[in-house]
Every structure is written in C-alpha cells, then in structure tokens.
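**Student:** First to last, the sequence lines map onto chains S and E.
Here this note's numbering is used: the first residue of the first sequence is 30, the next is one more, and so on.
Here this note's numbering is used: the first residue of the second sequence is 2, the next is one more, and so on.
Don't take each hint at face value.
Below, a sample of chain S positions facing chain E; criterion: calculated Cβ distance under 7 angstroms [what the hints assert, rightly or not]:
1. T41
2. E77
3. G78
4. Y81
5. A102
6. T112
7. P114
Just so you have them, the derived chain S footprint on chain E, three or more residues with Cβ under 8 angstroms [claimed, not checked]:
8. 21-33
9. 194-208
Hints in this document: simulated from the structure, not taken from any laboratory.
Backbone N, C-alpha and C define an ideal beta-carbon position, used for all residues, glycine too.
Each chain, written out:
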Amino acid sequence: MRYMVAPRNALTQLRRGTLEYCVLALMRTGERYGFDLIRELGDLVTSEGTIYPLLARLRREGLVETTWRESEAGPPRRYYRLTEPGRGALDAFVVDWERFRDSVDAVLLGRQG
Amino acid sequence: MTVMDSNRLVNDYLEGLDRAAQSLPAERREELLADVRSHIAESGATTEADVRNVLERLGTPEEIVAGYEDTQGRPPPPAESRLRFHEYAALALLPFGGFLFIVGWFFGVMLLWTSNRWRIGEKVLGTLVLPFGYLSLVIIGMLPGQTCSEVSTSTPTRVGGPNPAGDPEVIESCSGFAIPAWIGIPLLVVLLIAPVVMVAFLAYRAAPNRARRSTASALG
C-alpha cells in the first residue's frame, strides 16, 4: 500500500513527543497564557483543549510555574513561566532533537550527515 | 443565534467535560474546568456559530481528559478506581460518628474535607446533611415537646347551659411548643432519609470507575 501522506499515526506520535518542548520554547522569552500559547502553536495542536492537561503536567513536574492574574480587559488569566529545571529540560531536548533530526534526515533524504 | 443559545452551548460543553473528568482527582478537575472556561471567555466568541467553532477546536471532553494519560507512556494519574479506607471512614462517621462521643462526627468531617475525591459543593453537602448525623435527630426527639392534659367533667356545671345532653365537658390545656403532626412526621422521615441519600451520593461521586470506563470505551 502506498501512502499519499505520512501515516497519521506517525505524525501523532511525533506531535506527542515534541509538543511539550514547543510549549516550553514559547515561554523562553517570557510568560505566556494558555490561549496565547495555542494561537502560537498553530497546527501543532489538533484538539486545543489538550494543551491544558499538558500544561498541568509541566507544572506538576516543576518545569513551569503559574500565576493567576487579571488581564487589562477580560477574564483573569493563568500565566505560565519557565523554571530553571524547565529551561534545562528544554536545552537538553534541543540538543537531542538536532541530533535526531539530522540522523532522520540523513537516512530519509539520503543526505550525508 | 442569541447569547442565551451560546451560553447553553458552553454550559453543556462544560458539564460534559466535568462528567468526562470524573476519573481525575477533584483538584485537577477544577483546574481543568477553570482553564477551559477561561479559554472560552478569552476567545471572545459570542455568536452561536463562533462559540461552536471554539468548542469544536477545543476537542471533545473525552479527548481533553485523555490528554492526562497521553504523554510518552508516562503513567496516568494515580489509579483511584476504588474507594479508599479514608473515604469509607468519612462516609461511616458522618451519619454515625456523633454517637462516638460527638468527636466522631468532627473526625468524619475532617476526613471529608481532607479527601481529594470530592468537590467543595459535595463537601459542604456532607457537612450540612446533617450536622452531627443521626445524633442530632435523637437530641431533637428528646427535647421537651408539647404536653397536654385533659380534664373532663361528667357533670355539667351550669344547668340549662349550652350542654343540655350532659355530655362530658373536656377542658384541654397545653403548654410548650409543638410541631403539628402533619409537618412533624414528613419532616422526621426526610431527616431520617437525607443522610442515607447523602452518603449514597457521596459514595457515587467518589467512585470514578464508572466514568473512567465510559471514557475508555468512548476512546475505543
């Protein structure tokens, strides 16, 4: 059987593994709130609501910390900020990811690493 | 296309999410609901079509809740499919703890409020139905109620009065406060049943197996 696009499952697995680091990366430049993160992640999130369980887990693992604050207009927001361990986990993943990506590219696209 | 319609859409969605999230510890469930509520508010959607779109993009409640178990084979939140001793003790002490030198009830309330299996509203319910449990019913029963004494005289005191047949004249004198039987008896029945219903309800809300199973089957 020939696939017209990549098998759905592989993409799902890739998203699953990388999404949390994309979320952490968005917080590198400062604190963010959920809706704002989702907007920025675009196609990387399929069901937008699933970002909230993910953020809750990142907080439980101590990679981010949160504060509820009033916004200038509209409802109060839960803001997320990277912690030191969060920054560490992100940096470590970036190194791993680059290596992984290069290896996959080398095999998949026939490039020489 | 009214604000009412979109409010109902949102409420229905949040209720569905609450149901789907039954298997989560209460704290985490509250947090998720607050997040999603805030998300919908943040979207600024007011028309029915816009609200529908926002809810669709959020995903189904089941998809969102599955997000808790969905990450790189990390274990799902601690399995809590069975009631623990903590909850059993709370549910036994609330109605009957009062008989254990009264402190038993306070202990039950403490267990109720320290458990993560119930939400605030359910904890308030457990505390207020009934304070001190059945002990308070027993105490109400022992309060001095109305006392009546009847004095009957078989000889009419007045000849030619309004009582010519010579029927015994009954003088009734009462003192104290009483609830009439037509209120008192139904009230007593309600007070007897209410703690049973409360315990059954809390036991149901604390046992997440049902919700978890239906979530799992919905996910296939």
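**Student:** Please go over all the hints and tell whether each is borne out by the structure.
**Tutor:** Hint-by-hint comparison with the structure:
| no. | hint | verdict |
| --- | --- | --- |
| 1 | T41 | 10 angstroms, violated |
| 2 | E77 | 5 angstroms, holds |
| 3 | G78 | 4 angstroms, holds |
| 4 | Y81 | 4 angstroms, holds |
| 5 | A102 | 10 angstroms, violated |
| 6 | T112 | 18 angstroms, violated |
| 7 | P114 | 16 angstroms, violated |
| 8 | 21-33 | holds (count 3) |
| 9 | 194-208 | violated (count 0) |
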